[in-house]
Amino acid sequence: MKFGLLVSEGPYTHQASDTAYQFVVAALAKGHEIQRVFFYHDGVNNATRLTEPPQDDRHVVNRWSALATEHKVDLVVCVAAALRRGIKEEVLAPGFRISGLGQLVDSGIKADRLVTFGD
Amino acid sequence: MSEQQATPAVGPKVKKFMFVNRKAPYGTIYALESLEVVLITATFDQDVSLVFMDDGVYELVKGQQTKGIGIKNFSPSYRALDGYDVEKLYVDQDSLAQRGLTEKDLLVPVEVLDAQQMGQLMQQQDVILSF
Chain A
116 MKFGLLVSEG PYTHQASDTA YQFVVAALAK GHEIQRVFFY HDGVNNATRL
166 TEPPQDDRHV VNRWSALATE HKVDLVVCVA AALRRGIKEE VLAPGFRISG
216 LGQLVDSGIK ADRLVTFGD
Chain B
1296 MSEQQATPAV GPKVKKFMFV NRKAPYGTIY ALESLEVVLI TATFDQDVSL
1346 VFMDDGVYEL VKGQQTKGIG IKNFSPSYRA LDGYDVEKLY VDQDSLAQRG
1396 LTEKDLLVPV EVLDAQQMGQ LMQQQDVILS F
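Each protein sequence line maps, in turn, to chains A and B.
In my numbering, each residue carries its 1-based index in the first sequence increased by 115.
In my numbering, each residue carries its 1-based index in the second sequence increased by 1295.
It is possible that some hints are incorrect.
[Claimed, not checked] Under the rule of at most 20 angstroms between Cα atoms (straight-line distance), these lysine-lysine pairs were calculated in the PhoX-like manner:
hint	chain 1	residue 1	chain 2	residue 2
1	B	Lys1383	A	Lys117
2	B	Lys1399	B	Lys1367
3	A	Lys225	B	Lys1318
4	B	Lys1311	A	Lys117
5	B	Lys1357	B	Lys1318
6	A	Lys117	A	Lys203
7	B	Lys1310	B	Lys1357
8	B	Lys1367	A	Lys225
9	A	Lys187	A	Lys145
10	B	Lys1311	B	Lys1399
11	A	Lys225	B	Lys1357
12	A	Lys145	A	Lys203
13	B	Lys1308	B	Lys1367
14	B	Lys1357	B	Lys1367
15	A	Lys117	B	Lys1367
16	B	Lys1311	B	Lys1367
17	B	Lys1399	B	Lys1383
18	A	Lys203	A	Lys225
Just so you know, these hints were derived from the structure itself, not from any lab.
Since this is a predicted model, take the numbers as computed values, not measurements.
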C-alpha cells in the first residue's frame, strides 16, 4: 500500500514524530511504499539541524534524515508553517525540503491512505 | 489487470477531502492553519467539506473580538470559502447545544448534523484531516 503521512507536532514535546517514524520503519519493513511525510504546524520543528538532544536519548531529526538517505523517503516541510517558526533552508537537516501545502493535498490524492500523527 | 484495461482514462480522480475542525479559533494555531490547508485544497479541484465539532464550533461564531489578545481575527475568511467553491459546511448538533449556541450564532450557512449523520458522512470520505 502507498502511505502518505502528516506529522503535526514537534519533536520531544510530543510523541507524534516518534510514532510517525516507527510507522514508516514498520511499513517499509512490510514492503509498503511511503509516498511522502509532510510536516505541518509545530511538526516543521522536526526539520532543523540545530537540535542537540542528550547523547543517551534518540536523535529525532537525524533519524528522519537517515530514512531519507537510506530509503529515499520524501520529507517535506510546509513553507508557511516553517517561516512562522524560523525554519528556513539554511537550518534544514539533510533529506528535508521546504515546499507548499499543495504537497499535502497531493499526498491525499496520490496515496492510498493519508495518516495523521498529532492530536 | 483486465479491469484496469477495460476502464478508459478519465482524467485525474477527484477525491473527497473532509477537514474536521475540533479546536477553538484562538489559544492554539490549529484552526488558522487548518483553514490554510482548506483554501489550498480548494484550488486542486477536489471535493471539499468542512466539519466543525467540539470547541471547533467556536471558529464560526459571529462577532469575534480579538483585540484584547493581540491576535488577528481570521473568522471573516470563513465567509470567503464560498468564493473558493467550498460550500459544504457541517456542524455537530451536540457540540452546538452543549455550548449554548444555535445556527443563528454562526457567521456562515451550515448544515447541522447529529452524530449518526456525521458518522455516515465521514464514512463516504477518501481523506479526513482532523485539526
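Each hint, compared with the structure:
no., hint, in the structure
1, B:Lys1383 to A:Lys117, "violated, 28 angstroms"
2, B:Lys1399 to B:Lys1367, "violated, 23 angstroms"
3, A:Lys225 to B:Lys1318, "violated, 28 angstroms"
4, B:Lys1311 to A:Lys117, "holds, 18 angstroms"
5, B:Lys1357 to B:Lys1318, "holds, 16 angstroms"
6, A:Lys117 to A:Lys203, "violated, 29 angstroms"
7, B:Lys1310 to B:Lys1357, "violated, 31 angstroms"
8, B:Lys1367 to A:Lys225, "violated, 35 angstroms"
9, A:Lys187 to A:Lys145, "holds, 16 angstroms"
10, B:Lys1311 to B:Lys1399, "violated, 28 angstroms"
11, A:Lys225 to B:Lys1357, "violated, 37 angstroms"
12, A:Lys145 to A:Lys203, "violated, 34 angstroms"
13, B:Lys1308 to B:Lys1367, "violated, 37 angstroms"
14, B:Lys1357 to B:Lys1367, "holds, 15 angstroms"
15, A:Lys117 to B:Lys1367, "violated, 39 angstroms"
16, B:Lys1311 to B:Lys1367, "violated, 31 angstroms"
17, B:Lys1399 to B:Lys1383, "holds, 17 angstroms"
18, A:Lys203 to A:Lys225, "violated, 27 angstroms"
Hint check: violations occur at hints 1, 2, 3, 6, 7, 8, 10, 11, 12, 13, 15, 16 and 18; the rest are consistent with the structure.
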